[in-house]
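Student: Let the hints inform the model, and build the full structure from the sequences given.
One letter stands for each residue in the lines below.
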Amino acid sequence: MVTAVGRWARLKFAEFSEAIGFFLFLIKETFFFIQKRRIGLRVLIMQIFFTGVEALSVIALISLGVGAVLIVQGNNILPLLGNPDLLYQILIVVIMREMGPLVTAFIITARSGSAITTELGNMVISHEMEAYMSVGINPISQLGVPRLIGVTTAMILLNVYFNLFGLLGSYMVAHFISPFPFREYMTGLVMQMNILDVISSFIKSFVFGIIIAVVSCYHGFKVNLAVTEVPVRTIRSIGTSIVGCIIADVIIITALR
Amino acid sequence: MEQVSYIVGRESILTDISHVFRRGRTTIIIGPSGCGKSSLLKVTAGLYPNIEGRVLFEGQDVSRMNEKEYQHMQRRTGFLFQDGALWANMSLYDNLTLPVLVTAPHISRARLDEIVARTVGVMNFTEPLDQRPAALSAGERKIFSFLRAIVTDPEIFFMDEPTTFIDRSKVGLLKEKIRALKEEGKTIVGITHDMDFARELADSYILLSGGRIIAAGSSEEIMDSRDPVVRVFINDFIQN
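Chains as they are written, first to last, in my numbering: chain A, 1 to 257; chain B, 1001 to 1240.
Think of the hints as simulated: they come from the structure by calculation, not from any bench. Please note that a few of the clues may not be correct.
[Unchecked claim] Some, not all, of what chain B presents toward chain A, calculated at C-beta under 7 Å:
(1) Gln1071
(2) Arg1075
(3) Pro1099
(4) Ile1214
[Said to hold, decoys possible] Pairs of lysine-lysine residues, derived as DSSO-like cross-links and limited to a Cα-Cα distance of at most 30 Å, are as follows:
(5) B:Lys1175 <-> B:Lys1042
(6) A:Lys222 <-> B:Lys1068
(7) A:Lys222 <-> B:Lys1042
(8) A:Lys28 <-> B:Lys1175
[Stated by the list, open to error] Some residues of chain B that are not near chain A, with every Cβ distance over 10 Å (derived):
(9) Val1004
(10) Ser1033
(11) Leu1047
(12) Val1120
(13) Glu1127
(14) Ser1169
(15) Lys1175
(16) Ala1180
(17) Leu1181
(18) Lys1182
(19) Ser1225
Glycine included, every Cβ here is placed at the ideal spot set by N, Cα and C.
Tutor: Structure below.
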């Protein structure tokens, strides 16, 4: 029993060390990306397009829904509690600081993270990685770095988009349900917003983007020989990304409290 | 290579392999299916970094090479993969030009087009180059993989079953081009089940079984061997 636990712990530690090594290598390569690789630029543009542009409609729908519900419910409940201005603070904390980065991260994990793991895993199976090595290209640099930059950039932009739709777009939805002066809404929002809200939202989206990209790439590259490994790795990559983002969220919240 | 072993999970694919590949010679690896021929070829080409033992390229340990040294080594080699291994997300044009761009990142478009035209001409390849590899048949992909392997005019050519999937009309031309590579003095390391072609090309053989080298030597040494295990191999693979 003790031996088995010891072996399991050793295996997990080795896997963790390998993942950290992969992460550090990817970060190092990212710094050299622009000067070294004009051939990877197309992958980067495609990644931003796939992760960012194609997720716009889903993000818009969710952020509008969340924002509208908060405004309608807040307008009904908060005046009863004698503090109607609390609505703006709730909107900022829920949409900008918490749900914006997290919901965007979950959507990107489900759509793009899983796609990255599957694509890279299939490339391993079809020996495309070996083909890269055979022409002197490190596949991690060639394929991993554009995905890291692309997913992180798209994550930051989509988070801004989520916030805009959540805070402004949802006003319009709520306005149809229960009319509400826009000027008053905007003034209240701006008065309650501080720089820490913006920084917190940015840091979270940046960190979540890195987590999703690194985890998805790592699991894709870890596929070894069989096609059956691909779905297994994809499921693991989704789970690890979500858990990683939640842990990072808690750490960032604690640090910026 | 010195005492090379390659293990995947708990399975030993190659065990204690030591061999010297000579410059300008053609070495053919022979053995039953699943004996580790493709793995040995890829280990030799430096494509599997996680091995035990050492693979030396001109005296330098491949696993200890820095990125530049590794790139420099790979630019001097070309690899024809068994299943083509073309980059599925790129056009055929990009598949062919990427190895050139790695070697010469600032090459002009006109020069690139010239190299592409010359290379596709080698195999009379006439398919449009703006399409993806998925649009090609298995045989065409294999031919294109050959073109990608030779586009940078490498000194060392690795080939994994070069003639499989290719229809008869093209096999003759492909063999002719590989013969030409040999005549140009290229170093060739390959696997083929086409024994007539193997006999024609081989300066030396490696006989592989169960991930171990059973025998290795020049064609004459192997053919004249009185070792009963080698004789069985010759009867089963080389002379059949």
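Student: A separate judgement is required for each hint: does it hold in the structure or not?
Tutor: Now the hints, each set against the structure:
Against a cut-off of 7 Å between C-beta atoms, the interface hint on Gln1071 (chain B) holds, since the closest Cβ of chain A lies about 4 Å away. Contact between Arg1075 (chain B) and chain A, as hinted, is supported at the beta carbon level, the nearest pair being about 5 Å apart and thus within 7 Å. For the restraint placing Pro1099 (chain B) at the interface with chain A, the shortest Cβ-Cβ distance is roughly 4 Å, inside the 7 Å limit, so the hint holds. Restraint check, Ile1214 (chain B) versus chain A: the minimum CB separation of about 25 Å is more than 7 Å; hint violated.
Of the pairs offered as hints, the one joining Lys1175 (chain B) and Lys1042 (chain B) holds, with about 21 Å between alpha carbons and a cut-off of 30 Å not exceeded. For the given pair, Lys222 (chain A) sits about 24 Å from Lys1068 (chain B) by alpha-carbon distance, which is consistent with the 30 Å threshold. Using a Cα cut-off of 30 Å, the hinted pair Lys222 (chain A) and Lys1042 (chain B) holds, with the two alpha carbons roughly 18 Å apart. Restraint check: the Cα-Cα separation between Lys28 (chain A) and Lys1175 (chain B) comes to about 44 Å, which exceeds 30 Å; the hinted pair is violated.
For Val1004 (chain B), the non-interface assignment is confirmed: its Cβ lies about 17 Å from the closest Cβ of chain A, beyond the 10 Å cut-off. Every CB of chain A is more than 10 Å from the CB of Ser1033 (chain B) (nearest about 16 Å), matching its label as outside the interface. Residue-level check failed: Leu1047 (chain B) sits 5 Å from the nearest beta carbon of chain A, not beyond 10 Å. Distance check for Val1120 (chain B) against chain A: the nearest CB is about 17 Å away, which clears 10 Å, and the non-interface claim stands.
Residue placement check: Glu1127 (chain B) keeps its beta carbon more than 10 Å from all beta carbons of chain A (closest about 19 Å). The non-interface label for Ser1169 (chain B) is consistent with chain A: the shortest C-beta to C-beta separation is roughly 26 Å, beyond 10 Å. Residue placement check: Lys1175 (chain B) keeps its beta carbon more than 10 Å from all beta carbons of chain A (closest about 22 Å). No beta-carbon of chain A comes within 10 Å of the beta-carbon of Ala1180 (chain B); the shortest separation is about 21 Å.
Leu1181 (chain B), annotated as away from the interface, keeps every beta carbon of chain A farther than 10 Å; the closest lies near 16 Å. For Lys1182 (chain B), the shortest C-beta to C-beta distance to chain A comes to about 20 Å, beyond the 10 Å cut-off, and the non-interface label holds. Separation of Ser1225 (chain B) from chain A is adequate, the least Cβ-Cβ distance of about 33 Å exceeding the 10 Å criterion.
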